[in-house]
Amino acid sequence: MSQNVIEISGLWKSFVVRHNRTESLKQLFIGWLDWRRRERRQSFWALTDVGLQVERGQMVGIIGPNGSGKSTLLRCVAGILKPERGEVIVRGRVAPMIEIGVGFHPELTGEENLYLNAALYGLDRPQIEAIRPAIIEYAELEEFIDVPIKNYSTGMYTRLGFSIAVHLQPEVLLVDEILAVGDEAFQQKCLQRMMQLKSSGTSILLVSHDLAKVEKLCDKVYLIAHSRLEFAGDPVKAVAIYREKLAS
Amino acid sequence: MTYPPGSSLTQEWRYLLRYRELLRSLIAKDLKVKYRGSYLGFFWSLLNPLSLIVVYSLVLKFIMDVRQIEPLMVIAGIIPWVFFANTVTNSTESIISNANLVKKIFFPREILPLSTVLFHFIQFLLAFVVFLPAVMFFKGGRLPWTLLYYPLILLLHWSFTAGAALFLSAATTYYKDIRYLTEVAIMMVFWGTPILYTYPMVASKGLTWLFWFNPLSPFFFSYQNVVHFEQPPRPEHLIAMLLWSILMLVLGLAVFRKTRDGFAEEL
Ligand SMILES: Nc1ncnc2c1ncn2[C@@H]1O[C@H](COP(=O)(O)OP(=O)(O)OP(=O)(O)O)[C@@H](O)[C@H]1O
Ligand SMILES: [Mg+2]
Numbered sequence: 281m282s283q284n285v286i287e288i289s290g291l292w293k294s295f296v297v298r299h300n301r302t303e304s305l306k307q308l309f310i311g312w313l314d315w316r317r318r319e320r321r322q323s324f325w326a327l328t329d330v331g332l333q334v335e336r337g338q339m340v341g342i343i344g345p346n347g348s349g350k351s352t353l354l355r356c357v358a359g360i361l362k363p364e365r366g367e368v369i370v371r372g373r374v375a376p377m378i379e380i381g382v383g384f385h386p387e388l389t390g391e392e393n394l395y396l397n398a399a400l401y402g403l404d405r406p407q408i409e410a411i412r413p414a415i416i417e418y419a420e421l422e423e424f425i426d427v428p429i430k431n432y433s434t435g436m437y438t439r440l441g442f443s444i445a446v447h448l449q450p451e452v453l454l455v456d457e458i459l460a461v462g463d464e465a466f467q468q469k470c471l472q473r474m475m476q477l478k479s480s481g482t483s484i485l486l487v488s489h490d491l492a493k494v495e496k497l498c499d500k501v502y503l504i505a506h507s508r509l510e511f512a513g514d515p516v517k518a519v520a521i522y523r524e525k526l527a528s
Numbered sequence: 021m022t023y024p025p026g027s028s029l030t031q032e033w034r035y036l037l038r039y040r041e042l043l044r045s046l047i048a049k050d051l052k053v054k055y056r057g058s059y060l061g062f063f064w065s066l067l068n069p070l071s072l073i074v075v076y077s078l079v080l081k082f083i084m085d086v087r088q089i090e091p092l093m094v095i096a097g098i099i100p101w102v103f104f105a106n107t108v109t110n111s112t113e114s115i116i117s118n119a120n121l122v123k124k125i126f127f128p129r130e131i132l133p134l135s136t137v138l139f140h141f142i143q144f145l146l147a148f149v150v151f152l153p154a155v156m157f158f159k160g161g162r163l164p165w166t167l168l169y170y171p172l173i174l175l176l177h178w179s180f181t182a183g184a185a186l187f188l189s190a191a192t193t194y195y196k197d198i199r200y201l202t203e204v205a206i207m208m209v210f211w212g213t214p215i216l217y218t219y220p221m222v223a224s225k226g227l228t229w230l231f232w233f234n235p236l237s238p239f240f241f242s243y244q245n246v247v248h249f250e251q252p253p254r255p256e257h258l259i260a261m262l263l264w265s266i267l268m269l270v271l272g273l274a275v276f277r278k279t280r281d282g283f284a285e286e287l
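First to last, the sequence lines map onto chains C and B. Letter 61 of the first sequence, counting from 1, is numbered 341 in my numbering, and no numbers are missing. Letter 216 of the second sequence, counting from 1, is numbered 236 in my numbering, and no numbers are missing.
What the hints contain is simulated information worked out from the structure, not anything from laboratory work. Possibly wrong hints are sitting among the right ones.
[To be verified] Here's a subset of chain B near chain C, in silico, CB distances under 10 Å, partners left out:
| no. | residue |
| --- | --- |
| 1 | LEU46 |
| 2 | LYS49 |
| 3 | PHE62 |
| 4 | LEU66 |
| 5 | LEU67 |
| 6 | LYS81 |
| 7 | ASN118 |
| 8 | TYR169 |
| 9 | MET221 |
| 10 | LYS225 |
| 11 | GLU250 |
| 12 | ARG254 |
[Unchecked claim] As a list, the in silico BS3-like pairs of lysine-lysine whose alpha-carbon atoms are at most 27 Å apart:
| no. | chain 1 | residue 1 | chain 2 | residue 2 |
| --- | --- | --- | --- | --- |
| 13 | B | LYS52 | B | LYS159 |
| 14 | B | LYS278 | C | LYS517 |
| 15 | B | LYS124 | B | LYS225 |
| 16 | B | LYS278 | C | LYS500 |
| 17 | B | LYS124 | C | LYS306 |
| 18 | B | LYS278 | B | LYS54 |
| 19 | C | LYS469 | B | LYS54 |
| 20 | C | LYS517 | C | LYS496 |
| 21 | B | LYS196 | B | LYS81 |
| 22 | B | LYS54 | C | LYS478 |
| 23 | B | LYS196 | C | LYS478 |
| 24 | C | LYS500 | C | LYS478 |
| 25 | C | LYS469 | B | LYS52 |
| 26 | C | LYS362 | C | LYS469 |
| 27 | C | LYS362 | B | LYS54 |
| 28 | C | LYS430 | B | LYS123 |
| 29 | C | LYS430 | C | LYS478 |
| 30 | B | LYS52 | C | LYS362 |
| 31 | B | LYS123 | B | LYS225 |
| 32 | C | LYS493 | B | LYS278 |
| 33 | B | LYS278 | C | LYS430 |
| 34 | C | LYS306 | B | LYS225 |
| 35 | C | LYS496 | C | LYS469 |
| 36 | B | LYS124 | C | LYS478 |
Just so you know, even glycine gets a beta-carbon here, dropped at the ideal spot from N, CA and C.
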């Protein structure tokens, strides 16, 4: 049985861009007096009629130029943004990794941040306690786990954040370009771990500009350009089309 | 299961419950960050109300020499006022100061203002460690039986405050000025609320009608009644508290629900 873990159809998402954005009452009054400084709202479509399917245990890539709507699509899947039209069905728990260590507080220790961060993803205390040792071991932070993370190096910080995210055992992992951070060894470790998760049944939706990796790792690739889906399917073909577009 | 969950109220409530560990962690974070590195640590939560009580007692007793105003009468109102004022002022920042979280992770947004309310509520409960001895001190070593009404007033006051916090945290996301407006308004509301004066004083001037315009006044009249005057709350104040607390909570929740889907875009 191959039921889709993520199923999106006819997804439309618009943003309002505000020129001379009114953020205060003073600006609101000025706007009444002077029309040139009045807020102008312009809405544009960041995603138009996008569909997407991800099966259980699949790694699916999303590629496309800057500003084409990749992160927006990911945030719609995560439930952070509400699309204007269309349906997003996700079967299971989602762990968005849009940034590493979201919500880390510098004054708190690694351990305290671990609990806070995992709770942000909706885990309860027993669940967190169960994965705590694995997180610390994988992040190689046994010595430093009770130190405030303001004293961590960037690498330690990243390792902790990543380690939490990959131990949440979500059905769906959303990854937005976080492979770009960290040194070669860290990237290797990330990839290794993601493949491991994938083989244990986690579906991964991966946004990346690293075309070589996308081509090699993904089962399926979506190419998005100018808010539209240009191609969906074979990774090699998708990357080839994208390269061609870039060249022209 | 679809994700995020559907929008029926029971579904939402269940969803909110799943995140109680987050609520706990956020409050714990605020408490830890507040006291970490200070020598007296959480004793500050006691010293704060203690200093308020001592200062008001001394000034009212020995310096101002106003016969009409007794220390306990003011102390009865000042402690819940600090809870209300701090919660409301801080709640304006609940969402905007957590922009990073809201934009990057999905979780029930209500958790953020709720954690602000509960954080200050814990401070308020800690204040009882000094408040109750102070009441006994002024009452010659006993506690008035009317304090039995206190939890009820507190519950209604809590719900009023939570409603205000939900409303303000959502509104500030769209209009940043509301934060400064609230700071100024709170200062003025302090004088418009019966804290430094009482129901008999207001009644003797024939001004009780004026206080129906301030939703907070029935709460503070009642606090003074049960702590200082040793009387139950007046029936009309009980009804007013009930209505205002429900109204405020419903308004806060409604505005929050209506606007929360836009938070991530707006920030
Ligand atoms: N909150 C927002 N308000 C207004 N416009 C937004 C908002 N978020 C994104 N946009 C706009 O939506 C478009 C798509 O943005 P998105 O972040 O999805 O691009 P992307 O494909 O991830 O690009 P990149 O490769 O640079 O990360 C951009 O034009 C961006 O300016
Ligand atoms: Mg992006």
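Okay, the hints, checked on the actual structure:
Given the 10 Å rule on beta carbons, the hint for LEU46 (chain B) holds: about 7 Å separates it from the nearest Cβ of chain C. The interface hint given for LYS49 (chain B) is met, as the beta carbon of that residue sits about 6 Å from the closest beta carbon of chain C, less than 10 Å. With 10 Å as the threshold, the beta carbon of PHE62 (chain B) stays out of range of chain C, its nearest partner Cβ sitting at about 16 Å, so the hint is violated. Because the smallest distance between the Cβ of LEU66 (chain B) and any Cβ of chain C comes to about 22 Å, over 10 Å, the interface hint for this residue is violated.
Nearest Cβ of chain C to the Cβ of LEU67 (chain B): about 21 Å, over the 10 Å cut. The hint is violated. Against a cut-off of 10 Å between C-beta atoms, the interface hint on LYS81 (chain B) is violated, since the closest Cβ of chain C lies about 41 Å away. Because the beta carbon of ASN118 (chain B) sits about 8 Å from the nearest beta carbon in chain C, less than 10 Å, this interface hint is met. Given the 10 Å rule on beta carbons, the hint for TYR169 (chain B) is violated: about 36 Å separates it from the nearest Cβ of chain C.
Using the Cβ-Cβ criterion of 10 Å, the hint placing MET221 (chain B) at the interface with chain C is not satisfied: the shortest such distance is roughly 36 Å. With its C-beta approaching chain C no nearer than about 35 Å, LYS225 (chain B) sits outside the 10 Å limit, and its interface hint is violated. Using the Cβ-Cβ criterion of 10 Å, the hint placing GLU250 (chain B) at the interface with chain C is not satisfied: the shortest such distance is roughly 44 Å. Because the smallest distance between the Cβ of ARG254 (chain B) and any Cβ of chain C comes to about 38 Å, over 10 Å, the interface hint for this residue is violated.
Between LYS52 (chain B) and LYS159 (chain B) the CA atoms are separated by roughly 36 Å; this puts the pair beyond 27 Å, and the hint is violated. For the suggested pair LYS278 (chain B) and LYS517 (chain C), the alpha carbons sit about 44 Å apart, so the restraint of at most 27 Å is broken. Among the hinted pairs, LYS124 (chain B) with LYS225 (chain B) is inconsistent with the structure: their alpha-carbon atoms are about 56 Å apart, more than 27 Å. Taken as a hint, the LYS278 (chain B) and LYS500 (chain C) pair is broken in the structure, with Cα atoms around 37 Å apart against an allowance of 27 Å.
The hinted pair formed by LYS124 (chain B) and LYS306 (chain C) fails the criterion: a straight-line CA distance of about 31 Å is larger than 27 Å. The suggested pairing of LYS278 (chain B) with LYS54 (chain B) is violated, with an alpha-carbon distance near 32 Å, which exceeds 27 Å. Proximity of LYS469 (chain C) to LYS54 (chain B) is assessed by CA-CA distance (about 37 Å); at most 27 Å being required, the pair is judged violated. Taken as a hint, the LYS517 (chain C) and LYS496 (chain C) pair is honoured in the structure, with Cα atoms around 12 Å apart against an allowance of 27 Å.
Taking the CA atoms of LYS196 (chain B) and LYS81 (chain B), the gap is about 42 Å. The hint is violated against a cut of 27 Å. For a cut-off of 27 Å, the pair hint linking LYS54 (chain B) to LYS478 (chain C) is broken: about 41 Å separates their Cα positions. Proposed proximity of LYS196 (chain B) and LYS478 (chain C) is contradicted: the alpha carbons are some 44 Å apart, above 27 Å. Proximity of LYS500 (chain C) to LYS478 (chain C) is assessed by CA-CA distance (about 14 Å); at most 27 Å being required, the pair is judged to hold.
Taken as a hint, the LYS469 (chain C) and LYS52 (chain B) pair is broken in the structure, with Cα atoms around 33 Å apart against an allowance of 27 Å. Restraint check for LYS362 (chain C) and LYS469 (chain C): not satisfied, since their Cα atoms lie roughly 34 Å apart, outside the 27 Å limit. Our distance criterion of 27 Å between C-alpha atoms is broken by LYS362 (chain C) and LYS54 (chain B), whose separation comes to about 35 Å. Between LYS430 (chain C) and LYS123 (chain B), the direct Cα distance comes to roughly 23 Å. Compliance with the 27 Å bound is thereby established for this hinted pair.
Proximity of LYS430 (chain C) to LYS478 (chain C) is assessed by CA-CA distance (about 33 Å); at most 27 Å being required, the pair is judged violated. A threshold of 27 Å between alpha carbons decides the hint, and for LYS52 (chain B) with LYS362 (chain C) the separation of about 34 Å lies outside it, so the pair is violated. Using a Cα cut-off of 27 Å, the hinted pair LYS123 (chain B) and LYS225 (chain B) is violated, with the two alpha carbons roughly 53 Å apart. At most 27 Å may separate the alpha-carbon atoms for a hinted pair to count; LYS493 (chain C) and LYS278 (chain B) exceed this at roughly 42 Å.
With a C-alpha separation of about 37 Å, the suggested pair LYS278 (chain B) and LYS430 (chain C) falls outside the 27 Å cut-off, and the hint is violated. Simply put, LYS306 (chain C) and LYS225 (chain B) have alpha-carbon atoms about 40 Å apart, too far for the 27 Å limit, and the pair is violated. At roughly 16 Å between alpha-carbon atoms, LYS496 (chain C) and LYS469 (chain C) fall within 27 Å of each other, so this suggested pair holds. Restraint check for LYS124 (chain B) and LYS478 (chain C): satisfied, since their Cα atoms lie roughly 23 Å apart, inside the 27 Å limit.
The structure is inconsistent with the numbered hints 3, 4, 5, 6, 8, 9, 10, 11, 12, 13, 14, 15, 16, 17, 18, 19, 21, 22, 23, 25, 26, 27, 29, 30, 31, 32, 33 and 34, although it conforms to all the rest.
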